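Student: Chains as they are written, first to last, in this note's numbering: chain A, 1 to 243; chain B, 244 to 573; chain C, 574 to 871; chain D, 872 to 1275.
Source of the hints: derived by calculation from the structure; they are not laboratory data.
Possibly wrong hints are sitting among the right ones.
[To be verified] With a straight-line cut-off of 25 Å between C-alpha atoms, the simulated PhoX-like cross-links for lysine-lysine are:
#1 A:K138 <-> C:K740
#2 A:K221 <-> C:K740
#3 D:K1020 <-> B:K322
#4 D:K1043 <-> D:K1267
#5 C:K740 <-> A:K212
#6 C:K739 <-> A:K132
#7 D:K950 <-> D:K938
#8 D:K1172 <-> D:K1224
#9 B:K354 <-> B:K447
#10 A:K132 <-> A:K108
#11 B:K322 <-> D:K1022
#12 B:K518 <-> D:K1252
#13 A:K138 <-> C:K739
#14 D:K1020 <-> B:K518
#15 D:K979 <-> D:K903
#16 D:K939 <-> D:K1180
#17 D:K1079 <-> D:K1091
#18 D:K1125 <-> D:K950
#19 A:K116 <-> C:K740
#20 C:K766 <-> A:K113
#21 B:K354 <-> B:K322
#22 C:K766 <-> A:K108
#23 B:K518 <-> D:K1172
#24 C:K766 <-> A:K138
#25 D:K903 <-> D:K939
#26 C:K739 <-> A:K116
#27 C:K766 <-> A:K203
#28 D:K954 <-> D:K1224
#29 A:K112 <-> C:K739
#30 D:K1252 <-> D:K1151
#31 A:K132 <-> C:K740
#32 C:K766 <-> A:K72
#33 D:K1252 <-> D:K1232
#34 A:K113 <-> A:K188
#35 D:K1151 <-> D:K1091
#36 A:K113 <-> C:K739
#37 C:K739 <-> A:K108
[What the hints assert, rightly or not] If the Cβ cut is set under 10 Å, some of the chain D residues that face chain C in the computed set are:
#38 S915
#39 M920
#40 A926
This structure is a prediction, so every number in the text was calculated from the model and none was measured.
Beta carbons: idealized from backbone N, C-alpha and C, even for Gly.
The chain contents come next:
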Amino acid sequence: MANPLLRVSDLNVFYGDAQALWDIGFHVDEGGVYSIIGSNGAGKSTVLRTLSGLVRPASGRVEFLGSRVEGKGADVMVDLGISLVPEGRGLFTGLTVLENLELGAFTKRARKKSAKTLEWVNDLFPIIETRKDQQAGKMSGGEQQMVAIGRALMSRPRLLMLDEPSLGLAPLIVKTVFEIIRTLNEQKVTILLVEQNIHQALKVADRALVLKTGRITMTGKGDELLADPEIQKAYMGTLRKGT
Amino acid sequence: MKRKTRIGLLILVTALFAAVPLILDSENSYYVYFLFMAFTYIALSQSWNLVAGYTGQISLGLHAFFGLGAYVIAIGWGKEIIGFLDPLGMVLSGLIPAILAVAIGIPLLSKLRGDYFALGTLGLGEILRLIFIQGGALTGGSAGLMLPSSSYTSMLPYYFIALFLAVFATAVTYLMVKSSLGWALISVRDDETAAAANGVNVLKYKVLAFTVGAFMAGLCGSLQAYYLFHVHPQNFFGLNWTLYPILMCVMGGVGSTIGPVIGAVFLSAVFELAKILLPEIHPIFSGVLIVLTIIFLPDGLVRLRWFRNIFEGRKTESPINLKLFTGKEK
Amino acid sequence: MFYLPPIDILLQIMINGILFGAMYGIAAIGLSLIFGTMQIIFIAQGAMIILAAYGTFWLFHFFSMDPYLSIIVIFPVSVIFGLGLYQVLFRRVARAGKFPSLLIAFGLMVLLENLMSVLFTPNSRGLRTSYTAFGISALGLKISFTRLMAFIMAILATTGVSLFLKKTLIGKAVRAASENLESATLVGITPHKVNMVTFGIGIGLAGLAGVATATTYSFGPYFGFVFSLKAMIALALGGMGSVVGALMGGVLLGVLESYGAFFLTGGWADVISYAAFLLVLMFRPEGLFVRSSGSERP
Amino acid sequence: MMEKKICIWSGVFFLIMVLSLAGFSTVSAKEKNEILIGTHLSLSGGLAMAASEQAWAYEQATASINKKGGIFVKELGKKLPVKLIVVDDESDPGKAAAAVEKLIKLQKVDLILSGHSTPLTIPSMVTSEKYKKYYHGTTCLIPVWAGQKFKWSTMFFIDMPTFPDAAYNVIKSLPEKVTRPAMLMEDTMDGRGLGGVLRGGAEAFGYKLAVDEPWAVGAKDYSSQILKLKANRVDALLVFGSPEDTVTFIRQMKESDFSVKYLHGYKGTWTAEFKDAMGKEAQYVMCDGFWSETYPYPGAKELGAQYTKEFKKQSVSIGAFYATAQILYQAIERAGSLDSAKVRDAVIGGEFKGTVMGDVKYGPDGSAGFQVGTFQWWDGKQQQVYPFLDGSWQTKVMPPWNKR
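Chain A with its partners taken away, still in its complex shape:
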């Protein structure tokens, strides 16, 4: 098996004295969609924040394209090709949409191809072209989510991480977000997704992991876990059969 795009092994992370993650280990292959599901406070976001360089792990190894990267700052990680769309989108509300996107391609590697990437992002998200001079803060939740994903794509990431993309969005918008995830995957973008909406998360995922109080409890194919009675009981309440 070609060595994986990303390999994480026995990752431990602390917030002050409280330990948030216990010996996390998993790998991500190029071109796949991976989901991390779990209840609130299970540490899902902490995994992404650690991989993106916002949080420094206490111990453990993170290998990306074969080289060790744990502990590096977020600005270095994005240059290597790991880009995160943070929880709450993290747009620069005072700047215009276009400015947000231009900053997306801030790293030297991305800056060279900035114009070409912008065209690609515009095709993906037509609304961006129409609203490019508008202040990012004055847009609907859905549009902001599009811009946030677009901005992350501007850095031409090898691995795109999305933290709760569907948070606070209307169901119709959530559907379009997941369609986008599917189209991105078709265009060979590897995706690591953290999502509350377990049904959608597992449907779109090739593989998924279940996180519970900072530990990985289950892993498996997306559709297998979707059908697993335990998952249904624990996370989906009384989901009607077969939808």
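For chain A, the structure is supplied; the task is to place chains B, C and D on it using the hints.
Tutor: Chains B, C and D only, in chain A's frame:
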């Protein structure tokens, strides 16, 4: 080191210092004068330490309360309400700044946090100085007020009052922190929103610490006024009365009770020596010292491991982890 | 003796206030840039201005280089000095995230002032050219040439900095970092690079203010502290972190003091400016000129 | 490891300090072989410029007395050289008091020579009063000094009753008549004291002050006050302010095209730095001065020449400070002792002949006044105007700015 031994140590040190004037001839020995100034700085540093170390509020207005305390004595003595080294007068010179601290503190502290609060207190200091300069006959304007120096008898009363102030300030800080009040203060310092969430009336504790700090600063101001017999706005509202205590606290170790004591004694000695040994460039010395202290000794002497195993000071780093000042991580 | 003077005198006071406020404005712009990203009040800005003023004076004294011409030397040197200063002093503190850089700025101010006093002797220095005490009279008003140049420099500096922030990528990065540092790192902006850039420009602006000071005043080593204080007030009036707001804050402060000095005495003018400062801090911390666009500071 | 290194270093540093402090203060009272004269001067801070001339004058006076083998002290039966100890008070009243404390207790000086300016000398005299150490004072306004009823200091400074004459006699001697004089006095102790006396002088000479206002120290803009002066048609101006403020003020006068017939600057216009900063705008400006090398007193010319040789500029103050030191040294010889009380009693009511300020007589209250002089800047030189001696300069009326 258990609590009893630590209090024992405090009493022993006080007794030691109290004996000094018996050995040295207090009138002519420069040591006695040096210790007098060091004690004043200990009291001032503790009053800043209380506000910054235990509630995380950086106040740049200590000199305002210090000067106010001095002026209370000068005006009171001029109008024969207060006598020479009269305890009632000194308490009054602590109360009035305390009242001002409450009056100004409530609006200032409820609205402003972090560097805005620091700016506000700096502004407060400047306003008080200017008002006292424009104060006309009552405040003696820019000439300041003269006090009859003939009432000076000897150095001893000053020495013991200063020693008392230093011990009183350290004890108050120590007791406040050890009491239940202390836990509320520390919770405010570490995380205001969390403290407010579980019922700590954040504003009340901040204003309380600010007021007690102002009271102590006022007392020090009054002692200095009695000593110099001449209260001059440029001197008593000078920024040094805020700058030096902050530096002493930072160097000693903010948020600990012994830190400011060590910082005050150490720095007073260093500044005096700088003046004697390198007269021309000594002003540069204080600037260099501030910068070096902050780069190499951010947590203060008291938290260095070597010190720690003797005094068992705080293991954690300096509490005023001023995210609000430097990094912007929310 | 409170009488309303004729309109031309009121206008003259306004003009004097605006020109005079521009001096505070240049210093305030530098402060607002530094505050924007590094969140510190750089209280040593006044000492930096006087350092640049001495630079202008010595260039004039030894090479008889015209002060306004010497901007091409003073500005770049100040920027480089700012970059170096950040690396040596502030980088350690910012990373440690532990200590009030305000205290380091304070120490730096005390250090610089005394260093200048020892190196350049405490005597006051004044620059003398054909235009240093030259007044232009236009439509019945008297305008001092050097203060007019200072005003023009303030306008140019503000537009320059605004263009930099709006048009260049680095400028956008600075705006992004001062708004949301975490997201900024996620797109690849290194906090230290951004801080260094703003610090460099901030000290560069102090250089400009230094040239303006050298041509307008006879100055001494301790002349700068008042500039720092008043620039801070201008910053608070104009709104923390907004460049145009800082200039407007400076001009407003100048006009306030100018009228204060005329109707009361000089001494009271300062009390008014500090009182305005406290009131604005308490009731409109985001400043008078910044539309409270929701990014209200703590 | 880094932290260990810091502790060791700070520990060692602390020890050295404690030892040297102890070493210093217990200097054994070895056999007396020199007279220790202490003084606190502003080597740094706002007053540093004026105080540097005072320091130079003191050093010259001490060197010249030592050249003659020092002072004969009858009590000790031998001639002792004088050692001058200068401590920096950083132009700060609190630090001035601390400096005197250090002189008395650490350097164990025998007598104290005055510092500079009223706000710094008053707290210093209070400190020397506490320890009954004689303070030989100057540059503190005599009425302010007298108000304190000090028992351990004397004051040799401007004779206040005749102080206004130096300005108004010259104004009266102007070819063009002055009708609306004005006063801008710096809001400090000196400014307040001198302002009061000048105000009295105006009435005595029959003038009504058109504008009489305090002046903010270190203000950056005087345009509003200049507008007030213009509105009141002021034609003569007495200004008390620092050199920096006065330069800013006069530049703004030129910029707003406001000129007067007579501009007399106190404390702000006598320094060479003022002339350098003003250039040809300094022309016609009057300045005050404690002394002039053209005064017909022994040693005046040589002192002035030596200063000009060393600093390539004139001084109108070194004579007063040089004479202050001369008087102290004569008083020590006359008292034949270094005891504060004896030296003080030798000065009070004493007559001191042949100083660079001429013959100085102290009154029974311990004060001695000298007449302040008036000079006019002309072609970069301070021409001596008042007191009107033969060969004094005839004051030129200041023309409007555009007619220069």
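Student: Hint by hint, say whether it matches the structure.
Tutor: Verification of the hints:
{"no.": "1", "hint": "A:K138 <-> C:K740", "result": "holds (21 Å)"}
{"no.": "2", "hint": "A:K221 <-> C:K740", "result": "violated (48 Å)"}
{"no.": "3", "hint": "D:K1020 <-> B:K322", "result": "holds (19 Å)"}
{"no.": "4", "hint": "D:K1043 <-> D:K1267", "result": "holds (12 Å)"}
{"no.": "5", "hint": "C:K740 <-> A:K212", "result": "violated (47 Å)"}
{"no.": "6", "hint": "C:K739 <-> A:K132", "result": "holds (15 Å)"}
{"no.": "7", "hint": "D:K950 <-> D:K938", "result": "holds (12 Å)"}
{"no.": "8", "hint": "D:K1172 <-> D:K1224", "result": "holds (17 Å)"}
{"no.": "9", "hint": "B:K354 <-> B:K447", "result": "holds (13 Å)"}
{"no.": "10", "hint": "A:K132 <-> A:K108", "result": "holds (23 Å)"}
{"no.": "11", "hint": "B:K322 <-> D:K1022", "result": "holds (24 Å)"}
{"no.": "12", "hint": "B:K518 <-> D:K1252", "result": "violated (38 Å)"}
{"no.": "13", "hint": "A:K138 <-> C:K739", "result": "holds (19 Å)"}
{"no.": "14", "hint": "D:K1020 <-> B:K518", "result": "violated (32 Å)"}
{"no.": "15", "hint": "D:K979 <-> D:K903", "result": "holds (12 Å)"}
{"no.": "16", "hint": "D:K939 <-> D:K1180", "result": "holds (23 Å)"}
{"no.": "17", "hint": "D:K1079 <-> D:K1091", "result": "violated (29 Å)"}
{"no.": "18", "hint": "D:K1125 <-> D:K950", "result": "violated (58 Å)"}
{"no.": "19", "hint": "A:K116 <-> C:K740", "result": "holds (20 Å)"}
{"no.": "20", "hint": "C:K766 <-> A:K113", "result": "holds (22 Å)"}
{"no.": "21", "hint": "B:K354 <-> B:K322", "result": "violated (38 Å)"}
{"no.": "22", "hint": "C:K766 <-> A:K108", "result": "holds (14 Å)"}
{"no.": "23", "hint": "B:K518 <-> D:K1172", "result": "violated (36 Å)"}
{"no.": "24", "hint": "C:K766 <-> A:K138", "result": "violated (29 Å)"}
{"no.": "25", "hint": "D:K903 <-> D:K939", "result": "holds (19 Å)"}
{"no.": "26", "hint": "C:K739 <-> A:K116", "result": "holds (22 Å)"}
{"no.": "27", "hint": "C:K766 <-> A:K203", "result": "violated (42 Å)"}
{"no.": "28", "hint": "D:K954 <-> D:K1224", "result": "holds (24 Å)"}
{"no.": "29", "hint": "A:K112 <-> C:K739", "result": "holds (20 Å)"}
{"no.": "30", "hint": "D:K1252 <-> D:K1151", "result": "holds (11 Å)"}
{"no.": "31", "hint": "A:K132 <-> C:K740", "result": "holds (15 Å)"}
{"no.": "32", "hint": "C:K766 <-> A:K72", "result": "holds (16 Å)"}
{"no.": "33", "hint": "D:K1252 <-> D:K1232", "result": "violated (31 Å)"}
{"no.": "34", "hint": "A:K113 <-> A:K188", "result": "holds (18 Å)"}
{"no.": "35", "hint": "D:K1151 <-> D:K1091", "result": "holds (22 Å)"}
{"no.": "36", "hint": "A:K113 <-> C:K739", "result": "holds (22 Å)"}
{"no.": "37", "hint": "C:K739 <-> A:K108", "result": "holds (20 Å)"}
{"no.": "38", "hint": "S915", "result": "holds (5 Å)"}
{"no.": "39", "hint": "M920", "result": "holds (5 Å)"}
{"no.": "40", "hint": "A926", "result": "violated (12 Å)"}
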